[in-house]
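Those sequence lines, one after another, are chains P, S, E and F. Numbers 0 to 483, taken from numbering that gives the first Met the number 0, label the letters of the first sequence in order. Numbers 0 to 483, taken from numbering that gives the first Met the number 0, label the letters of the second sequence in order. Numbers 0 to 483, taken from numbering that gives the first Met the number 0, label the letters of the third sequence in order. Numbers 0 to 483, taken from numbering that gives the first Met the number 0, label the letters of the fourth sequence in order.
Keep in mind that the hints were calculated from the coordinates and are not lab data. The beta carbon of each residue, even a glycine, is placed where N, CA and C say it ideally should be. Heads up, some of the hints might be wrong.
Stated by the list, open to error - Listed next, the in silico SDA-like pairs over lysine to any residue satisfying Cα-Cα at most 20 Å (straight line):
hint: 1; chain 1: E; residue 1: K339; chain 2: S; residue 2: M233
hint: 2; chain 1: E; residue 1: K316; chain 2: S; residue 2: S61
hint: 3; chain 1: P; residue 1: K373; chain 2: F; residue 2: P196
hint: 4; chain 1: S; residue 1: K316; chain 2: E; residue 2: N293
hint: 5; chain 1: S; residue 1: K316; chain 2: E; residue 2: K373
hint: 6; chain 1: F; residue 1: K316; chain 2: P; residue 2: G213
hint: 7; chain 1: S; residue 1: K339; chain 2: E; residue 2: Y319
hint: 8; chain 1: P; residue 1: K316; chain 2: F; residue 2: N293
hint: 9; chain 1: S; residue 1: K154; chain 2: P; residue 2: E126
hint: 10; chain 1: F; residue 1: K154; chain 2: E; residue 2: G129
hint: 11; chain 1: S; residue 1: K316; chain 2: E; residue 2: Q318
hint: 12; chain 1: E; residue 1: K154; chain 2: F; residue 2: N293
hint: 13; chain 1: E; residue 1: K373; chain 2: S; residue 2: S61
hint: 14; chain 1: E; residue 1: K339; chain 2: S; residue 2: G213
hint: 15; chain 1: P; residue 1: K339; chain 2: F; residue 2: A65
hint: 16; chain 1: S; residue 1: K403; chain 2: S; residue 2: G454
hint: 17; chain 1: P; residue 1: K339; chain 2: F; residue 2: Y319
hint: 18; chain 1: S; residue 1: K154; chain 2: P; residue 2: G129
hint: 19; chain 1: F; residue 1: K339; chain 2: P; residue 2: G213
Stated by the list, open to error - Listed next, the stretches of chain E that the computed footprint assigns to chain F, with coverage defined by at least 3 CB atoms under 8 Å from CB atoms of chain F:
hint: 20; segment: 99-105
hint: 21; segment: 117-128
hint: 22; segment: 140-150
Protein chains: 4
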Amino acid sequence: MPAEVKSLNEECGVFGVWGDPHAAEVTHLGLHTLQHRGQEGAGIVGKTAAGLRRHYGFGLVSEVFAQPESLTQLRGTAALGHVRYATAGGRILENIQPLLFRFTDEAIALAHNGNLTNAITLRAQLEAEGAIFQSTSDTEVLMHLLRRSPQPTFKAQLKDALNQVHGGFAFELLTETALYAAVDPNGFRPLVVGQRPDGGLIVCSETAALNAVGATYLRDVQPGQLVTITDDGMTVEAYTTRTQLAVCSMEFVYFARPDSEIHGVNVYQARVKMGEKLAKEQPANGDIVVGVPNSSLSAAIGYARASGLPYELGLVKSQYVARTFIQPTQALREKSVRMKLSAVRAVVAGKRVVLVDDSIVRGTTAIQLVQLLKDAGAKEVHLRIASPPLRFPCFYGIDIQTTKELFAANYSIAEMKAKLGVDSLGFLSVQGLEDSVALNTTAPNRGLCVAYFTGVYPTELDDYTSNLQRELSHLSINVKEVSA
Amino acid sequence: MPAEVKSLNEECGVFGVWGDPHAAEVTHLGLHTLQHRGQEGAGIVGKTAAGLRRHYGFGLVSEVFAQPESLTQLRGTAALGHVRYATAGGRILENIQPLLFRFTDEAIALAHNGNLTNAITLRAQLEAEGAIFQSTSDTEVLMHLLRRSPQPTFKAQLKDALNQVHGGFAFELLTETALYAAVDPNGFRPLVVGQRPDGGLIVCSETAALNAVGATYLRDVQPGQLVTITDDGMTVEAYTTRTQLAVCSMEFVYFARPDSEIHGVNVYQARVKMGEKLAKEQPANGDIVVGVPNSSLSAAIGYARASGLPYELGLVKSQYVARTFIQPTQALREKSVRMKLSAVRAVVAGKRVVLVDDSIVRGTTAIQLVQLLKDAGAKEVHLRIASPPLRFPCFYGIDIQTTKELFAANYSIAEMKAKLGVDSLGFLSVQGLEDSVALNTTAPNRGLCVAYFTGVYPTELDDYTSNLQRELSHLSINVKEVSA
Amino acid sequence: MPAEVKSLNEECGVFGVWGDPHAAEVTHLGLHTLQHRGQEGAGIVGKTAAGLRRHYGFGLVSEVFAQPESLTQLRGTAALGHVRYATAGGRILENIQPLLFRFTDEAIALAHNGNLTNAITLRAQLEAEGAIFQSTSDTEVLMHLLRRSPQPTFKAQLKDALNQVHGGFAFELLTETALYAAVDPNGFRPLVVGQRPDGGLIVCSETAALNAVGATYLRDVQPGQLVTITDDGMTVEAYTTRTQLAVCSMEFVYFARPDSEIHGVNVYQARVKMGEKLAKEQPANGDIVVGVPNSSLSAAIGYARASGLPYELGLVKSQYVARTFIQPTQALREKSVRMKLSAVRAVVAGKRVVLVDDSIVRGTTAIQLVQLLKDAGAKEVHLRIASPPLRFPCFYGIDIQTTKELFAANYSIAEMKAKLGVDSLGFLSVQGLEDSVALNTTAPNRGLCVAYFTGVYPTELDDYTSNLQRELSHLSINVKEVSA
Amino acid sequence: MPAEVKSLNEECGVFGVWGDPHAAEVTHLGLHTLQHRGQEGAGIVGKTAAGLRRHYGFGLVSEVFAQPESLTQLRGTAALGHVRYATAGGRILENIQPLLFRFTDEAIALAHNGNLTNAITLRAQLEAEGAIFQSTSDTEVLMHLLRRSPQPTFKAQLKDALNQVHGGFAFELLTETALYAAVDPNGFRPLVVGQRPDGGLIVCSETAALNAVGATYLRDVQPGQLVTITDDGMTVEAYTTRTQLAVCSMEFVYFARPDSEIHGVNVYQARVKMGEKLAKEQPANGDIVVGVPNSSLSAAIGYARASGLPYELGLVKSQYVARTFIQPTQALREKSVRMKLSAVRAVVAGKRVVLVDDSIVRGTTAIQLVQLLKDAGAKEVHLRIASPPLRFPCFYGIDIQTTKELFAANYSIAEMKAKLGVDSLGFLSVQGLEDSVALNTTAPNRGLCVAYFTGVYPTELDDYTSNLQRELSHLSINVKEVSA
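With the hints as extra help, turn the sequences into a complete structure.
In structure tokens:
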């Protein structure tokens, strides 16, 4: 199952900058670097001499900003950008972020990465009070809460609103006087602060975007923190003290760029360690180690290194195909595997191939990939997954909202092995995953959220509680089993 | 001043249909017929099996709906469409109508032609109570009032809201269960009801759109009326009894199609009569009568008929240029006159030309047009305008919001004559205009609004009162004078 | 049958300029003015500092040159432009003109209006000698003949080639050193020379384009003439002396703009006279005279004037629809009549309408138009056609290549009257047409080509001879009959 | 110097199929797989029921064929496709291939990969005889030669023409009765034959495209061979016997896909061996080995394997940027390096990095890449190039037409080391390259063309001879030197 062809969707990337003479251009480049976090749509709001201006649309950053004017009209000293993949809410233009709210006396832009667990309840309450939403996304709830807050100042209203929303979130707000950024009390979604050589301050989803725009890393926004940046500088404060670190482990496994650091841990190196741990936990009688390009190459290197088997590029990925995520149907998704990946016959023919992938979601593409190797003459295929079996939904911002489609939630390891047609199958253990990332923390699960593997969620689930219970009642898989 | 190149903007056309198996297609064709009422943008909301769906964008109907899918996705048994030219609010996609409001439990589409005089005040009040607007147009105010109304039913809430907005308006609302249409208490903006052969009921801006879709005219929506159409049929009721007919006279002079009837009066015939009256009030020593194509040809025919002078097509209009309105700057507007109109030298050379135009707004294009005729050898040009001098702003939906740009508000007839370079200049009188239209009514001004000619407004002006007073204080033109 | 919705296609307009600092822009504006002569595609070749450069494509001039760069890249002191409607050859990009031939040591642009009667024979001969054509149009033949001519100079080669092609043509060629223009020995297709205030010389299809770019008319290019324009000025010479004027009468009837003069005769005034003659030849018991907008309004004015009946605008044409010609199928053509034209019920209801159209081609749209008037309540419809019945194909550049589709070639006047559903039907006589145009000439048919009405062709027909004979053998209509 | 951001352009990929019910779709997928061979434009000619039809344009295959109709209109049982990067000839639409020649009695499509060394001479001769070229590319010469050949049959004419053109070429021609394919006498450019499960025969540039469409490899087209495929099957014959194998070595070094085999040698494995040889020839005191993604990863794996140093992914390539080749200017090319590649700070900081790249062209991007690593904290950078220094132009189809831009042609190894800012620099030797590929052959240079490294060309250079001599006279670099 190739990482780039799996149906596991990060929902967003955010990038805000304040106090930079090239704010719009910097944001454009930053979004480009965060493109892997969402390909459905993109948008930038620029703080221009004429106030906040927005350009947005469906497609990649390069498509939405294909015309130079689309960017030059946003020029100013601050900007906020967003790349989106839909989690909650449908494919309508109104959902492309940043949302821009134009009030009689001011304008506010809002961008969000994550998922709010109580958005449905809050929206229903707000609508009952006369509120009209312009999007169908959960994001907009925050703005209504803010505008209805009885607090005396904008910042106090924002804190008030942040304390009412639950779940995983990294919010950024841009007004004509400040850039605000806040992370949920568990720090599910990453957010980092950096600084450009000319002083401009940046808050964005990943450090890779800081590097791309020549900015220096300053800090990770911690759980429950609100960052405020104005012409007077940056302040960081807690909007709540009820925090507990639980960084989304899938950021390390699959989502984040290998050249990013999250809470000080480099993603590439964490993946290499996952591969090393996997080799120790799940050794294989193979001749060569092959990773699924591109996201599983790191784990494959680790597996090869720890096992002593030669590392080979037995699969080739086309340079000219983007992630399948933009293709809506399952049928198209399956068809496109062979357009994206091909086996190097000379490498795999007659070999016992240890195939390393970072994760399995639906299993459909993994089945095709194994077939691809067998068609190319592989004698055996030993599939090793550098993360535990994905068995439970995520409610904090990853697009796994039901167990129905999850391969590992519906089949035992032995059944999966049979369906995949592999000669052996092994997953990394939860403990192995936690040790590989090794966040230096005393928090549960070493500061990671591993709920999709264990079914144990760090927070109340609000709107989703009943759904989860119904799903779990149907689940009879032994969640400890990791190999066959 | 060619009608098609003047800067007098009708702001909208609306077209709703209920109970028709081809609702989306019918609406598409209807909007196409109403295209003259707005070229900035267009949109249609269709009541589909999957609920209300919207497609909209900047440009002409043919541009917005260039892809077949854009229309087929809207197929169902009811639809609401809109063509827009901006009056209040800027050129942002959020302002393209119909607005579509998606609530947790329902969706409502809203389309509007007109201008609300108390929208600014109402919006400020609503925002202070926490309301968030998704557009910058005055239209949206109605929805917020409706949603916050304490009334027990949707229709009661709508009536409540309609009684709070002032000005000129023709509103249509589409829900999954009904189509609603309402006209302001003065009937400034036209709205008619018709029926398709298969029973579908239509409410739209002009009867020409009824004809285009094969529908039979049923009635004009009267001032203060609310029309409700459901699967059970149509009801018409008064949401207010404080009404007084004052149909926008510019609909007859310039805006409406010649093949439309407004309150029973055919627009083409009204224009011919304006030309006839003009010939009697303002005779000219000319050899031929030439109208500015295309909107002034009717009045020119009337002038020729009453004066006995030969009617000639001395000006030719290019088939391949749309109205200038879509071009933003004054510079472009002027340049484009010669791309649109040309003189027939063989017709006008050596002749005393009586040039008939329907109105003068800024005067800039009229100046060029006179020059065009002189360049082609016209010996004399006698300009006759088939409406009174435009000297006051309109607050009910025509884009004349300031007297600064109005030629006739800043110069006397003699000054205009000199600036235009014409040999004589004459306007139709207000009385002549009223008698030409001859609405069969006992209302003031025979049921017409002639405020842009007289400065006497049929309603309070709310948000605009102070502005108007300031402007009028600068105005020293004799508003009775009509020729030189 | 509305002029703008009939399937009678002019195939091209040409516009060349030499010695003008704004050559590309002037050509762009000129083509825009000639847009009525072809809407399938457009192109301009500019003589730039970097040599001849071309931009071309399918669609209207405004569509092909939608991006400013498309024009600015062509800037220089000379240019050649073309608007095309397909006669010979299919809808492939290679056929869009000007054709640009890039040789090792030079480049030549070629544009053409007309049709060559011996192109098929010549092409077969040339291909047998190894020639490779890049288009499927007849135009390209000229270039191959030129390049293979044994003559010593470019001009001598061009004359050599011009003497080998037969039929109707107005050619323009642009090289880096000169602009050439030539008209066929009968002058079927119009071509005029004018001069810009700054000295630039223009050769184009119609005088209206000269007016549009502020140029003064100098002369019509006469049959058999070759015009050469270089930095040293203009020379005019005869490439053949075997000439006989036979201007395409359909230019006067329908194709040309009313503000153009052809060989000194204004098109609008010729049409008014056709209407006047028609009224005398074919009087009608009517109440009002209505012309089909826009091309038949001139004739209707003439008819009304001569008959004394009131002239009314009983039909309205939408401003927002281009000619149907761009729509390929007959089905679409018919459907679009009601999108383009509508009747003014208040004008025609209960009236005996004298409907004046300039010509009838297939008859299908005329049938719909009569129905439109009857649906709007017309008591009687008396159709009067301001040209004789079209019964024979044209081989000189009008897209009537077969009699099969010609209404008047397949039915008697009485049959047509029945099929059209009109109360009477009358055509202008050939003599009436000739007298209306009144070219001051001693040539046959007063210098007009009336072959499509009479079947008598001014030249040999070469490739088309056998086809014509076969068609004529099936034709049993009395070609003298003009009314019923 | 990242492989994907270097200015070394393969000029084309070709893909023809005969006898397949999904010919157009198969060709589309095949071209997609060959996209790396050219991104300027793409085209497909399909043999449809209505004859040969073409669709083509600028851009990637996915862009040119963005609309489903663009492909469905080409459906039939045979097709010929092409992806292009410009070598000879400019960026005009006429140069996009396959060229389609429409004759009176037949049509022929022509596609070409390579460069003809005597095209200029041949074209001048042909033009002197009256030939008119529709493109400015060398490809078209073949068709003119063919059409002017006195031979009695098409195939004999084709052989005649093939014997007159010199240089490197892989030609494919499609007619309504056959698909032809031919390779130059040295086999510079690759061409392979395969078969689809349903019998359809394919001739294309690389075996990877065979795999992508589910076809089985049959054979490489050998130097001087002509393959003819009709409904009666395939014949292979020699059009010349004066052949000598000299496969372009840059196909192995950089151009071809790693999953392709050329004359039996897998490209990935050849690259791994180049890396291994490089490690032995040019060892380095490093801590880690990093390859430039993606094309140099294979060589880096080989280097790491042979040196025993750990292989790390120290550079990350963005998934969302295509090759720079589509960007025209040097300025843009440089700017885009950081948009495409970023260093993994945690991996390289404090390390002595052995950076492996496949080749150096201009050196500009290599300089930036070294800087990227140093900025990320690399203590030392030891650059190892898995091919010999590129010092001479290629005239057989790679876009190196002058030594002026070649880094290694203008500087000694020591000078390059200084300019690059690396701590050491080493290239693979020519012998090492030849041994790595190890084509099993007795031909000179083991069957490879290594002229760009040695200046010794396997053929006469015709039109380019004098240029080369002039360039070489300025070259004073020691071509044996490979490290510093």
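Hint check results:
1. E:K339 with S:M233: violated (31 Å)
2. E:K316 with S:S61: Roughly 16 Å between the alpha carbons, so the hint for K316 of chain E and S61 of chain S holds.
3. P:K373 with F:P196: OK: K373 of chain P and P196 of chain F at ~18 Å, within 20 Å.
4. S:K316 with E:N293: holds (10 Å)
5. S:K316 with E:K373: violated (29 Å)
6. F:K316 with P:G213: Distance ~17 Å between K316 of chain F and G213 of chain P Cα, so the pair holds.
7. S:K339 with E:Y319: holds (14 Å)
8. P:K316 with F:N293: Satisfied, since the Cα-Cα distance of roughly 10 Å is no more than 20 Å.
9. S:K154 with P:E126: The hint holds at about 18 Å.
10. F:K154 with E:G129: holds (16 Å)
11. S:K316 with E:Q318: Judged against 20 Å, a Cα distance of about 11 Å means the pair holds.
12. E:K154 with F:N293: Violated. K154 of chain E to N293 of chain F sits at ~58 Å, over the 20 Å cutoff.
13. E:K373 with S:S61: Not OK: K373 of chain E and S61 of chain S at ~29 Å, beyond 20 Å, violated.
14. E:K339 with S:G213: holds (14 Å)
15. P:K339 with F:A65: Holds, because 18 Å separates the two Cα atoms, which is no more than 20 Å.
16. S:K403 with S:G454: At roughly 14 Å apart (the allowed maximum being 20 Å), G454 of chain S and K403 of chain S satisfy the hint.
17. P:K339 with F:Y319: holds (14 Å)
18. S:K154 with P:G129: holds (16 Å)
19. F:K339 with P:G213: It holds: about 14 Å lies between the C-alpha atoms, which stays within 20 Å.
20. 99-105: holds (count 4)
21. 117-128: Satisfied; 5 residues make the cut.
22. 140-150: Holds, because 4 residues of the segment 140-150 of chain E bring their Cβ atoms closer than 8 Å to Cβ atoms of chain F.
Checked against the numbered hints above, the structure violates hints 1, 5, 12 and 13; every other hint is satisfied.
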